[in-house]
Structures are given as structure tokens and as C-alpha cells.
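J.: So the sequences go chain by chain: A and B. Position 520 of the first sequence, counting from 1, maps to 520 under the UniProt record's numbering, and the rest follow consecutively. Position 232 of the second sequence, counting from 1, maps to 232 under the UniProt record's numbering, and the rest follow consecutively.
FYI, nobody ran anything at the bench for these hints, they're computed from the structure. Take these hints with a grain of salt, some might be off.
Label-pair ranges, simulated between beta-carbon atoms [what the hints assert, rightly or not]:
#: 1; chain 1: B; residue 1: 240; chain 2: A; residue 2: 194; range: 33 to 41 Å
#: 2; chain 1: B; residue 1: 209; chain 2: A; residue 2: 415; range: 27 to 35 Å
#: 3; chain 1: B; residue 1: 134; chain 2: A; residue 2: 72; range: 31 to 39 Å
#: 4; chain 1: B; residue 1: 12; chain 2: A; residue 2: 40; range: 54 to 62 Å
#: 5; chain 1: B; residue 1: 240; chain 2: A; residue 2: 250; range: 51 to 59 Å
Every residue, glycine too, gets a C-beta built ideally from N, C-alpha and C.
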Amino acid sequence: MSEPLLKVRGLKIGATVYPPGEKPHNIEIVHGVDFDLERGKVLGLIGESGAGKSTIGLASMAYGRGGVKITGGEVWVNGRDILKTSLKDIRGLRGGEVTYVSQSAAASFNPAKKIMDQVVEAAVEQKKFSRRQAEERARALFAKLGLPDPDKIGERYPHQVSGGQLQRCMTALALCPEPDLVVFDEPTTALDVTTQIDVLMAIKEAIQDTGVAALYITHDLAVVAQVSDDIMVLRMGDMVEYGETDQIINRPQKEYTQALVSVRSIEHEEKKPTPEPVLSVTGISARYKGLAFDVLHNVTVDLHPGQTLAVVGESGSGKSTLARVITGLLPPREGEIAFAGRKLSRDLAGRSREDLRELQMIYQMADVAMNPRQTVGTIIGRPLEFYFGMRGAEKRKRIIELLDEIEMGEKFIDRYPAELSGGQKQRVCIARSLAAKPKMIICDEVTSALDPLVADGILKLLLDLQKIENVAYLFITHDLATVKAISDSIAVMYQGRVVRYGSKSQVLSPPFDDYTDLLLSSVPEMRLGWLEEVVAHRKMESAGH
Amino acid sequence: MHPIVKLVSQRFALGLLLLFGASAMIFGLTEALPGDAAQAVLGQSATPESLANLREEMGLDRPALTRYFEWLGGILQGDLGQSLTNKLDIAESIGNRLGNTLFLAFWAAIVSVPLAIFLGLLAVRYRNRWPDKLISAVTLTTISIPEFLIGYVLVYFVAVKLGMFSPLAMINDSMSLGQKLNAIALPVIVLTMVVLAHMMRMTRAAILNVMQSAYIETAELKGLTNFTIIYRHALPNAIAPIVNVVMLNLAYLVVGVVVVEVVFVYPGMGQYLVDHVTKRDVPVVLACGVIFAAIYIGLNMLADIVAILANPRLRHPK
Numbered sequence: 001m002s003e004p005l006l007k008v009r010g011l012k013i014g015a016t017v018y019p020p021g022e023k024p025h026n027i028e029i030v031h032g033v034d035f036d037l038e039r040g041k042v043l044g045l046i047g048e049s050g051a052g053k054s055t056i057g058l059a060s061m062a063y064g065r066g067g068v069k070i071t072g073g074e075v076w077v078n079g080r081d082i083l084k085t086s087l088k089d090i091r092g093l094r095g096g097e098v099t100y101v102s103q104s105a106a107a108s109f110n111p112a113k114k115i116m117d118q119v120v121e122a123a124v125e126q127k128k129f130s131r132r133q134a135e136e137r138a139r140a141l142f143a144k145l146g147l148p149d150p151d152k153i154g155e156r157y158p159h160q161v162s163g164g165q166l167q168r169c170m171t172a173l174a175l176c177p178e179p180d181l182v183v184f185d186e187p188t189t190a191l192d193v194t195t196q197i198d199v200l201m202a203i204k205e206a207i208q209d210t211g212v213a214a215l216y217i218t219h220d221l222a223v224v225a226q227v228s229d230d231i232m233v234l235r236m237g238d239m240v241e242y243g244e245t246d247q248i249i250n251r252p253q254k255e256y257t258q259a260l261v262s263v264r265s266i267e268h269e270e271k272k273p274t275p276e277p278v279l280s281v282t283g284i285s286a287r288y289k290g291l292a293f294d295v296l297h298n299v300t301v302d303l304h305p306g307q308t309l310a311v312v313g314e315s316g317s318g319k320s321t322l323a324r325v326i327t328g329l330l331p332p333r334e335g336e337i338a339f340a341g342r343k344l345s346r347d348l349a350g351r352s353r354e355d356l357r358e359l360q361m362i363y364q365m366a367d368v369a370m371n372p373r374q375t376v377g378t379i380i381g382r383p384l385e386f387y388f389g390m391r392g393a394e395k396r397k398r399i400i401e402l403l404d405e406i407e408m409g410e411k412f413i414d415r416y417p418a419e420l421s422g423g424q425k426q427r428v429c430i431a432r433s434l435a436a437k438p439k440m441i442i443c444d445e446v447t448s449a450l451d452p453l454v455a456d457g458i459l460k461l462l463l464d465l466q467k468i469e470n471v472a473y474l475f476i477t478h479d480l481a482t483v484k485a486i487s488d489s490i491a492v493m494y495q496g497r498v499v500r501y502g503s504k505s506q507v508l509s510p511p512f513d514d515y516t517d518l519l520l521s522s523v524p525e526m527r528l529g530w531l532e533e534v535v536a537h538r539k540m541e542s543a544g545h
Numbered sequence: 001m002h003p004i005v006k007l008v009s010q011r012f013a014l015g016l017l018l019l020f021g022a023s024a025m026i027f028g029l030t031e032a033l034p035g036d037a038a039q040a041v042l043g044q045s046a047t048p049e050s051l052a053n054l055r056e057e058m059g060l061d062r063p064a065l066t067r068y069f070e071w072l073g074g075i076l077q078g079d080l081g082q083s084l085t086n087k088l089d090i091a092e093s094i095g096n097r098l099g100n101t102l103f104l105a106f107w108a109a110i111v112s113v114p115l116a117i118f119l120g121l122l123a124v125r126y127r128n129r130w131p132d133k134l135i136s137a138v139t140l141t142t143i144s145i146p147e148f149l150i151g152y153v154l155v156y157f158v159a160v161k162l163g164m165f166s167p168l169a170m171i172n173d174s175m176s177l178g179q180k181l182n183a184i185a186l187p188v189i190v191l192t193m194v195v196l197a198h199m200m201r202m203t204r205a206a207i208l209n210v211m212q213s214a215y216i217e218t219a220e221l222k223g224l225t226n227f228t229i230i231y232r233h234a235l236p237n238a239i240a241p242i243v244n245v246v247m248l249n250l251a252y253l254v255v256g257v258v259v260v261e262v263v264f265v266y267p268g269m270g271q272y273l274v275d276h277v278t279k280r281d282v283p284v285v286l287a288c289g290v291i292f293a294a295i296y297i298g299l300n301m302l303a304d305i306v307a308i309l310a311n312p313r314l315r316h317p318k
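Pulled out of the complex, with its shape left as it was, chain A reads as follows (with noise of 0.2 Å):
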């Protein structure tokens, strides 16, 4: 049997880390890890955050990022270990034998030089073509990806093109050099769920035409069962289970990976709307200053107390805006906001310290939300003295009773936001929120920075919290699952208007709206051949229209 492009024997990868209070040490964070891979094959690398997955394929082109360092082990690329050869070796193999597509496209292009210099510049300087052939390869890699104009997008910067376009843009950008293997570090990650849908079938046919050997790196199961041949399931820096795709999918062996598989299994009855809702929202039209036209269009949604309404939307639809004119940040420039059975001030100082106390907001960035200079205790302690003038063993023992409902407890009071976990960190600033007993919070996004197992916990918590606390949820997501796991009912937002709205049952049960339709059809399923699925329906119906 001839030899596999890229063989890695008990890499071991280290880094330095600065804990808070503690002398710089450094620590292991891929411990002894082996894998083949073919030429033409794609791998997938999957694990939650701290699994290593990235590190490992950085590790195939024998780079650490930032502190990160090679340790131990070998890694084999066209028969030669790099992990021994000469850093003019290693310039040759980065660039010419692998390449790299990173999670955002965005941060990756040099936003000072036009796509195609940055597309052909590896295959030039690598001398595996000349600039004119390259250009030429890259114009068909733009064309083969989808590219809209692929001869002349290259001639754009890359603040030009969409977010989606860029990714694919990158992704030429790896395949231009003829490379024998790219690492896809979660290309499509943070993308919307209906652009992911059609880069991930663009790089799917890529490296189907192009016979280019793939390591495939993402937390969601779902993504990497579409493209991999085989998966390697990681985690925290060691090999959990080592398969074909659609053993680890469909018969997986260990307990964490079936974890995994069955991830987002919440079971939620979905409650009757009462008589009274906490929220009405009417006629809601607002614009952001400077701006010559509407960003919410006549919005108009009701939120029950101890229920849960959804508000899900791609990234522009307009749902954190209505969060803003929600809580006063952003005046509407139409509308009404009835809370409570009382009408809210327009703007955030008009309102009373009770309108302030019952409204409360959970983030998405659990980490810039908290002072990291403050306690746990500190930051639950806030709300208590200021709403409550608590002070002294009283506020103590509400802050412990607050930590053991988020189940953390007493330890934790002492602790600063650092020493958390993300899971941790978001429970603290749900603590905060429900310190101040609030009728209705408004969650923007909570899980989407966590993991999935992280992510479920937090879901579970807060519809625990929700039957004890009586309290209602605007949940804003563009996560569906996550829509599915826990709403009572579901506003649909698309440009700035609510194209769908009504119970869940309602929502999510044909016949659809075609926006409804898209955004449903294009989350990705854990079964194989889902891609190419939906992608020739949708061929069929654009056809067929």
C-alpha cells in the first residue's frame, strides 16, 4: 500500500498559558494524537472548543498559532516528517502542498489589496505558475465556486463582496496553488444558515473536482457529515472516536460522541397564549440616526407572561434591533410599546427605575458583559443593591440562592469572570439578570457563542428557571434548533419585517411562506446525502418556477 498523504504519529502540541494571579506555565493541549489521511479524502475534525482541532491542523503545516508549539510526534506530508525539515522546506510545503481557509474570510484577506493579487499570490511566490496562468486558474475557480462575474470579482477589494462571496473567494485561494491537501478551519461558521448551504456544496464540488485531499474542522456534526469521508471526534487534545462518517453518525461507539449526535433532545410543550400578554409590541417602525430609510418595518409581536417567543432572523433582519427598541436604547420612530399593562417611554430616560427592574437583558458575549475586575458576587451583589437596597448577610444569602439555582454555588462567589468557563460565565450573567426578578428578559443570542453540549445546558437552565420564576423569554436567535427546543411562539424576521408569526405549532407547519421555507429546508441535518438533497430540490423548484 503506498503511502498516505499526510500521516501524523503522536503529535503532542503545547502552549503557554498567563492564568490570572499565576505565573505563566505551560500546558499540554493535544496529547499524543495518530491519524491518516489518503490522498483525495476528506477527514473531518470534530470537538467542541479546547478539543484541539484547530491546533492539530494548523500542526499539518507545521504552524503554532501565537504561543502554540509542536511538542512531540511526527507529522508525515508526501512522505518527509516536517515537524524535522528545514524552515525553507516549510515555506515551500505552506502555500504549495497545504493550504488553509480560515472562519472568516473577513479577517483573513488583507483589506489594503484586491482579491485576485491575494488569490494567485501563493501559486506565484511558490513558483508553481506563472501570474498569468494563475490568474487564469483562479478566474475558473471563482466561476467553478459561484462566483457571480468571476472574470472581473478579482478586481474587487474585499470589502466589496458579501461575506458568503469572501468565503468563497478564500476558498480559491487555497485550491489555487494545486495544493495535495487544505485545511478548512469551520469555513462556514459564520455564515448564515442559507449562504452556508451553498458554500458548503461550492466546496464540496471543489475538492470532488479537484481530487484535493481535505481536513475538515467544525464543531457541527451536521456540516462535516455532508462533506467527510471519515471523522475523528476530539476532545480536550485527545482522540475520543476514529471512523467512517456514517458509523460515527449513525452507530457511534463512545457515550460522548453519541452526546454529540443526540445533541439538542429538549423536549418543550408549547403553552396556549393567556388573556393578558406582558409584551405588546405595535406598529413598531424605527431607523437608526443618519439614516434615510426604516430598519424595522410596522413590527408588530405579543409575549405572554411565563412563555417564550422567538424572534429568529439571518444577521440584518433586524431582530437585535428590536431588542434595542425594546429596552429604550433606540426610540422607534412609529409605534407603541405596552409593558406590564403600562405604556413605555419611547426613550431609555423616560422610564422608571420598575420599568428598568422588570425588563432585564442576557448577551451573547457573556465575557465583555461582565467587569473583569468584579466578583461573581459583585456582579449578581449589583442588582440587589440597586433595585432592592440590599446590603450586608441579606444580599449574601440571596447571591448564594442565586448561584445554586444557575447550579454553580457558593464557591464561585469569590471568583472573577476569568476563571470561568463560557458556559459558567453566561449562568452568572443570567444570575444578574434574574436578581433583579424581572417579569420578561430579553436574551440576544445567549447560546450562539457556546458549544452545543455548553449551549443545551443554558437552554435547560433557563426553561427551568422559566417554570419556577414565572418569567418570560424574547429569545433572539438565528438558530433554529435552538427555536424549536424552547419557544411557546416564533416571529420569522426577514429585512426588518416579521414575515411570520404565531405559535410554534403554527410557525413551523406548512404550507410556507418561501423565506420560511428557505430558512428551514437550509438547516443542516445529521444524515448523509442531506446536501445534495436539498441543494437538487431546490435545483427542481427553481426549474420548475
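Starting from the known structure of chain A, fit chain B onto it as the hints suggest.
T.: Just chain B, lined up with the frame of chain A:
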């Protein structure tokens, strides 16, 4: 309208407004000083009558605002007024000297700006290694030593001991370019040493800042060499802060060279200004002040405009 045109014309208008404000301030401050031109001319021999006569003759008895606008109107027509001490037309006297100052500043810039940027790039390339530390140490030393000291030391060792270059930087119109350059070699070296550190360190900092970006990683993963990455991918994105500090230093080369001009007896604006300040020749001081302000504001405006032009988002809108 193209957003660039709008932004640039805004900057331009702002620059003019600023210059107007600066002229008012310069005029106002000299007004606020005790004594006036008439007193300066008459000196010790002044009697109240002769002062009043002279003030009337010079128009100093009219309101300050009227005189300000007359003065400003004159400047706009190229009339900077007349020197009190030698009765010469100021515009004419300054013309030649300003040319000399700009000549010196130009050659100092030609040497120092590329050198500073190159040393900045080099420092980034060998960050925290000995070339970086050496560059930092040497440039910091040269900026820390007073420029007149460097000037005299150079005069003594280079000009006197080694016999290279002229110790006096006297130039006149009859000299050829080569002779002129030979004459100003020492002041150019001194000025370069003074402005180098600031520009070099800003270049280093601006580029290091850009080096954190994800697109630098992309460049590294293309297998480019470090220096290619720095000048091809990092430098174009660090233009704005670098140009800003370069312009500040160019302005310094014009308006801050007084000491160096005195040390090398160079017939530039600085010498001229110092001479007339000691003689309390207010019209000359006013004229020099406005010209310096104009150069300072002009160069900074240019830096702003370059920063706008360097931004691809503004240059190529969606």
C-alpha cells in the same frame, strides 16, 4: 459625490478654518504683550508725544480688529508688511530664507523618512532580538542628546578633525547643487538624528499592531518570507499612523530647526526669526508665526488626506 472628494474637501475647509484661527491667535497674543511696535522703535527715547505721533503714523491707534483684518488682507495678497528695524519688505526677506529652510528640511526628510521606515521594518523583522534592540538604543540616544551638542560635536570631529564637510552651512544662490549639499551635510545629519527615533518607533509600533491581524497569518500560511509579509501585507495597512508621525516630523524640520540653524549659521527662517524677536520686530514675528502655522497645518492636513486615501473602504466604496 464620491465620498473621498467630500472627505478631502472637508479636511481642506477645516485646515483653512484652523489657519484662520491660528492667525487670529498669533495676532491676539502679540497684541496682548506689553508695549507695541512704536515703543520698540523709539526705545528709551520715547516720550508720550512722540509715541502718540508714531502710533498715528503707523496706524496703531486704530482698533485691533481693524488692524487684524488689514493685516490678514495683506497676507492674502502676499503682503506681509514692512520690517520695523530695517524697513525692508518682509515678504521679500523671508522668500529667500524660507527657500533655504525648505531646502534643508527637504534633504533632511529625503534622508530620514526612508531610513526611519526601513529601520522600523527591520526592527519588526528582528523583533526583540539584537538588531531591534540596537536600533532602539541608538535612535533613543540620538533623540535624547540636545541637538546643539550633537551639532558642535559633529563640527569638531567631522569638520575640524577629519576635514570633511563644511563646519558652517552658509549657502547662497551662486553655489552649485553639489556645493550646497556639501554645505548642509552636517545639519542634515543632525536633523536626521533628531527625528529618526520618533518615526522609526511609530513605524515599528504601527506595524506590530497590524501583525496581530488574521490576514498576516494567511500570509504566513502562504509560505511567504517574514520580510515579504511585513512590507507587502503589514505596511500598506499601517500607512495612516506612519504618515501622521512623518508629517509631524516634517513640520518639525521646518519650524523647529531654529537651534540647528543657529549652530551652523544657516541663513534660514529660524535665524531670521530669532534675530527679529530679540529686536522686538513685531511684524516680522507675526509673519513668521503665520508661515510656520500654515506649514504645520498644511502638513497635518496632508497627513489626514493621505490617511483617507490609504483606506481602501473609502477609496473603493461598495
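J.: The structure should be examined with respect to each hint, and the outcome stated for every one.
T.: Okay, the hints, checked on the actual structure:
Distance hint for residue 240 of chain B and residue 194 of chain A: a CB-CB separation of about 37 Å, consistent with the stated range 33 to 41 Å. In this structure the hint that residue 209 of chain B and residue 415 of chain A lie 27 to 35 Å apart at CB holds, the actual value being about 32 Å. Checked against the given bound of 31 to 39 Å, the beta carbons of residue 134 of chain B and residue 72 of chain A, roughly 36 Å apart, stay inside it. Distance hint for residue 12 of chain B and residue 40 of chain A: a CB-CB separation of about 60 Å, consistent with the stated range 54 to 62 Å.
A C-beta distance of roughly 55 Å is found between residue 240 of chain B and residue 250 of chain A, which places it inside the suggested range of 51 to 59 Å.
Consistency with the previously given hints is maintained throughout, with no hint failing.
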